[in-house]
Amino acid sequence: MRRLISVEGLAKSFAPRRGATDPISVFESVWFAVDEGEFVCLIGHSGCGKTTILNVLAGIEAASAGVVLVDDREVSGPSLERAVIFQSHALLPWLSVERNIAFAVRSRWPEAKRDEIRRRVQRAVDLVQLAGAEKKRPSELSGGMKQRVGIARALAIEPRMLLMDEPFSALDALTRGSLQDEAARLCVETNQTVFMITHDVDEAILLADRILLMTNGPRARIAEIVVNTVPRPRRRYDLHRHAGYYPLRNHIIEFLMERSQQVRDAPPADPRHPPVVCLGGIATPARSKLETIQ
Amino acid sequence: MPRGPLALRAAFLSLVLFAAFVAIWHFATLPMGGRAAMDPEYAKLMGAGATHGKSAMPTPLDVGAAIVGHLRDPFFDRGPNTKGIGIQLAYSIGRVLIGFALAVIVGVPLGFVIGMSPLMHRALDPFVQVLKPISPLAWMPLALYSIKDSALSSIFVIFICAVWPLLINTAFGVASVRPEWLNVARTLEVGLWRRSLVVILPAAAPTILTGMRISVSVAWLVIVAAEMLVGGTGIGYFVWNEWNNLSLSNVITAILLIGAVGMALDQALAWGGRLVSYAE
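Protein chains in written order, with numbering that gives the first Met the number 0: chain A, 0 to 293; chain B, 0 to 279.
For the record, the hints were derived by calculation from the structure and aren't laboratory data.
Because the structure is a prediction, the values reported are computed rather than measured.
Among the hints, erroneous ones may be present.
[Unchecked claim] From the structure, some residues in chain B lie toward chain A, with a derived Cβ separation under 10 Å:
#1 Glu179
#2 Trp180
#3 Ile257
Cβ atoms here follow ideal geometry from the backbone N, Cα and C, with glycine treated the same way.
Please put together the full structure from these sequences, using the hints given.
Now the structure itself:
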């Protein structure tokens with residue numbers, strides 16, 4: 000698999016408060032990579048800078064140090080190559096569903112004819128199973144349907160990479176479940192490269208190939224990279240029957256409950272190669288997907 | 000009180016209040032005292048006020064007759080001091096609309112710039128803060144001196160009083176567009192023009208329409224005073240002219256029409272505001 004994105008030595012800090020001398024560091028020395036077609040989840044407590052990392056990847060926020068490389072070129076701003084699905088869906092409330100999606104399609108293909116735009120919009124609407132709601136305004140839709148539109152808008156521009164910022168966290172449990180299943184289906188169908196932030200351990204196990212665990216902030220960093228060994232296709236209702244599921248889930252929960260604080264205070268020696276956990280044993284950095292980055 | 004929908008009951012109560020007001024007005028303006036004995040020549044000179052004890056304040060019937068008279072023939076024109084009330088109102092509405100249009104042309108784009116650029120906001124804020132509280136009529140001498148035309152000067156005064164609410168509301172509306180909508184535009188690599196027209200303008204439109212509504216109301220308040228000052232034509236001039244003629248019936252007629260036109264202007268923009276509003 001080809002490496003699509005590499006994040007190298009990313010850090011974010013804010014100017015010190017009055018009286019203090021050191022800048023306040025949110026996270027530092029964040030290194031990881033995402034391969035083409037891979038689904039990577041980032042889990043961590045609030046305040047560790049997860050959303051900032053995603054915004055830097057999206058190009059809508061600048062890091063204090065470090066770089067993000069896409070195809071070995073530095074990210075300097077937003078790009079249609081990297082579509083963002085926002086936590087709050089961020090639909091334009093004065094536009095109908097189809098016009099929200101058409102806004103994105105027209106941005107991606109400014110020269111496109113009206114017919115082609117309509118065709119692409121319809122395909123995106125069908126993909127997220129929203130047919131019949133095209134003419135509705137976002138305020139007439141339920142939370143889950145709004146987020147479907149957000150997903151359709153992101154997929155309609157055929158990005159090389161999807162960036163999702165806790166896309167399902169604002170939804171009720173039933174809606175969240177069905178959208179997670181749908182996200183799993185879409186990612187398999189389209190072989191989309193995805194980087195997703197989540198709080199939800201089961202969501203990460205359902206969707207991700209690899210799960211990045213982040214320590215608490217301030218001075219947060221990547222503590223571990225957990226390889227998801229539960230085989231695909233995964234389904235929410237029988238995920239827990241797989242032998243690898245509970246060890247994996249317990250490992251992540253135990254990290255979040257206890258070690259996320261300890262690891263921050265005693266960080267791994269080499270932030271470029273956080274330990275890779277592969278169900279049952281800690282892999283050595285040499286076996287890591289994160290090979291030495293020149 | 001009748002049962003039924005709230006609107007019906009409210010209308011009934013309005014009618015009762017109006018009838019009570021007219022009745023009090025009627026009794027307060029009844030003639031007082033009998034016919035005074037005086038020289039008939041002198042009595043003719045003094046009018047019914049002195050001879051029949053008639054109140055100087057017109058009665059509801061006097062005003063009703065004046066309103067009917069004005070509305071029956073609103074557009075006559077018999078020389079500079081004798082024009083129908085419709086013509087006078089048309090002059091005033093015309094000035095307000097021209098001044099308001101100029102204020103929109105200047106205020107909305109400038110408000111856009113101030114709203115989008117924190118630098119411009121800070122740089123222009125002192126000017127806005129100082130100029131905003133100035134009574135628009137204080138500009139009149141300066142306008143008369145530099146423009147040298149009283150009609151254009153009153154339009155300028157309308158412009159200057161209408162531009163501030165527009166400027167401030169547009170800047171506020173543009174500055175408070177939800178950051179996530181702007182982030183959507185940024186991740187879609189939408190250029191400045193398209194972002195302004197397709198994202199920021201519709202997002203800020205309800206606030207801009209609120210500014211327009213305030214502007215047009217202020218402009219309609221100011222035009223009466225401005226026309227009293229510059230004279231010639233307009234409903235403000237009409238009010239002052241009828242005061243000089245001691246025709247309070249005509250003054251009251253004009254007051255009621257000023258209120259009606261002001262309400263119509265306000266409602267027109269309220270309707271415009273509903274067109275661009277959106278539910279989040």
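So, going through the hints one by one against the coordinates:
no.	hint	result
1	Glu179	4 Å, holds
2	Trp180	6 Å, holds
3	Ile257	36 Å, violated
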